[in-house]
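Using the hints provided, position chain B relative to the given structure of chain A.
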Amino acid sequence: DAGVTQSPTHLIKTRGQQVTLRCSPKSGHDTVSWYQQALGQGPQFIFQYYEEEERQRGNFPDRFSGHQFPNYSSELNVNALLLGDSALYLCASSLVTGEQYFGPGTRLTVT
Amino acid sequence: AQSVTQLDSHVSVSEGTPVLLRCNYSSSYSPSLFWYVQHPNKGLQLLLKYTSAATLVKGINGFEAEFKKSETSFHLTKPSAHMSDAAEYFCVVSDQRDDKIIFGKGTRLHILP
Chain A
1 DAGVTQSPTH LIKTRGQQVT LRCSPKSGHD TVSWYQQALG QGPQFIFQYY
51 EEEERQRGNF PDRFSGHQFP NYSSELNVNA LLLGDSALYL CASSLVTGEQ
101 YFGPGTRLTV T
Chain B
1 AQSVTQLDSH VSVSEGTPVL LRCNYSSSYS PSLFWYVQHP NKGLQLLLKY
51 TSAATLVKGI NGFEAEFKKS ETSFHLTKPS AHMSDAAEYF CVVSDQRDDK
101 IIFGKGTRLH ILP
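Chains as they are written, first to last, in the working numbering: chain A, 1 to 111; chain B, 1 to 113.
Hints are computed from structural coordinates only; laboratory data are not their basis. In this text, a Cβ means the ideal position worked out from N, Cα and C, and glycines have one as well. Wrong hints could be hidden among the right ones.
Said to hold, decoys possible - With a straight-line cut-off of 27 Å between C-alpha atoms, the simulated DSS-like cross-links for lysine-lysine are:
1) B/Lys49 <-> B/Lys100
2) B/Lys100 <-> B/Lys69
3) B/Lys68 <-> B/Lys58
4) B/Lys69 <-> B/Lys49
5) B/Lys42 <-> A/Lys26
6) B/Lys68 <-> B/Lys105
7) B/Lys42 <-> B/Lys105
8) A/Lys26 <-> B/Lys58
9) A/Lys26 <-> B/Lys100
10) B/Lys100 <-> B/Lys42
11) B/Lys105 <-> B/Lys58
12) B/Lys49 <-> A/Lys26
13) B/Lys58 <-> B/Lys100
14) B/Lys42 <-> A/Lys13
15) B/Lys42 <-> B/Lys58
Unchecked claim - A few chain B positions that, by computed beta-carbon distances, are all more than 10 Å from chain A:
16) Ala53
17) Ser73
18) Ala86
Stated by the list, open to error - Computed, partial: chain B to chain A, Cβ under 10 Å:
19) Phe34
20) Lys100
21) Lys105
22) Gly106
Chain A on its own, in the form it takes in the complex (with noise of 0.2 Å):
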């Protein structure tokens, strides 16, 4: 089993741009939740996805988008980059209800 695997590891990107970040969950999970987190914070919810739709969102602006596939796997999109959204994006995938285990991460910087 795999686990969960994010890509790419890490990523540079000049303000303005977009970005995309992917995820594949574990095997056998349907449900996948993207974090931010900052240099010395903990991680920040962003918002979770199950059946294809976005079942809760955090305090984050429409510049993030997402999207799950039928095959569970996921898509973090930001647009209009900023400096501020410098920051290593978790994955983590579960069952609706259940534990989620997390991915490596994507560190993302902004210049």
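Below, chain B without anything else, positioned relative to chain A:
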């Protein structure tokens, strides 16, 4: 509204001595509580969870935590620290009504030889 407060940003203990990482929470409904560990350049790993069963919860690697409703606390303990325990630890609260998950700011545990 839910919230979680980790009372110490850094804790240093000597190898072989007890570990105590403190966490207080606030939740309007019956909370689920978790402790996660994050080693450098690695993903978050679940140590243990409380979901309204036994108030003393045993986790992996010798860690345990006690849910105290009267004190709204969920402190993490380990009888004897090991060098491999050095990491960042996060206390997490989830409201069983809406499953929203709130992380604390983390406690960095340092183990002194």
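Each hint, compared with the structure:
1. Simply put, B/Lys49 and B/Lys100 have alpha-carbon atoms about 15 Å apart, close enough for the 27 Å limit, and the pair holds.
2. Of the supplied pair hints, the one linking B/Lys100 and B/Lys69 holds, its CA atoms being roughly 20 Å apart against a limit of 27 Å.
3. With a C-alpha separation of about 15 Å, the suggested pair B/Lys68 and B/Lys58 falls inside the 27 Å cut-off, and the hint holds.
4. Annotation: proposed proximity of B/Lys69 to B/Lys49 holds, straight-line Cα distance about 15 Å (limit 27 Å).
5. Restraint check for B/Lys42 and A/Lys26: the C-alpha separation of about 16 Å stays at or below 27 Å, so the hint holds.
6. A C-alpha spacing of about 21 Å is found between B/Lys68 and B/Lys105, which places the hinted pair at or below 27 Å, so the restraint holds.
7. Between B/Lys42 and B/Lys105 the CA atoms are separated by roughly 17 Å; this keeps the pair inside 27 Å, and the hint holds.
8. Only pairs whose Cα atoms come within 27 Å are accepted, and A/Lys26 paired with B/Lys58 is accepted, the gap being roughly 24 Å.
9. The suggested pairing of A/Lys26 with B/Lys100 holds, with an alpha-carbon distance near 21 Å, which does not exceed 27 Å.
10. For the hint linking B/Lys100 to B/Lys42, the alpha-carbon distance of about 24 Å falls within 27 Å, and the restraint holds.
11. Using a Cα cut-off of 27 Å, the hinted pair B/Lys105 and B/Lys58 holds, with the two alpha carbons roughly 23 Å apart.
12. Distance hint between B/Lys49 and A/Lys26 is fulfilled; the C-alpha atoms sit about 20 Å from each other, no more than 27 Å.
13. At roughly 24 Å between alpha-carbon atoms, B/Lys58 and B/Lys100 fall within 27 Å of each other, so this suggested pair holds.
14. Among the hinted pairs, B/Lys42 with A/Lys13 is consistent with the structure: their alpha-carbon atoms are about 22 Å apart, no more than 27 Å.
15. As the CA atoms of B/Lys42 and B/Lys58 are separated by approximately 23 Å, the hinted pair is consistent with the 27 Å bound.
16. For B/Ala53, the shortest C-beta to C-beta distance to chain A comes to about 14 Å, beyond the 10 Å cut-off, and the non-interface label holds.
17. Here B/Ser73 stays apart from chain A, with its beta-carbon at least about 18 Å from theirs, past the 10 Å limit.
18. Look at B/Ala86: its CB is around 16 Å from the nearest CB on chain A, clear of 10 Å, so calling it non-interface holds up.
19. For B/Phe34, the interface hint holds, the least distance from its beta-carbon to any beta-carbon of chain A being 8 Å, beneath 10 Å.
20. Among the interface hints, the one on B/Lys100 holds; its C-beta lies about 6 Å from the nearest C-beta in chain A, closer than the 10 Å criterion.
21. With a least beta-carbon distance of about 5 Å to chain A, the hint placing B/Lys105 at the interface is held under the 10 Å criterion.
22. Against a cut-off of 10 Å between C-beta atoms, the interface hint on B/Gly106 holds, since the closest Cβ of chain A lies about 5 Å away.
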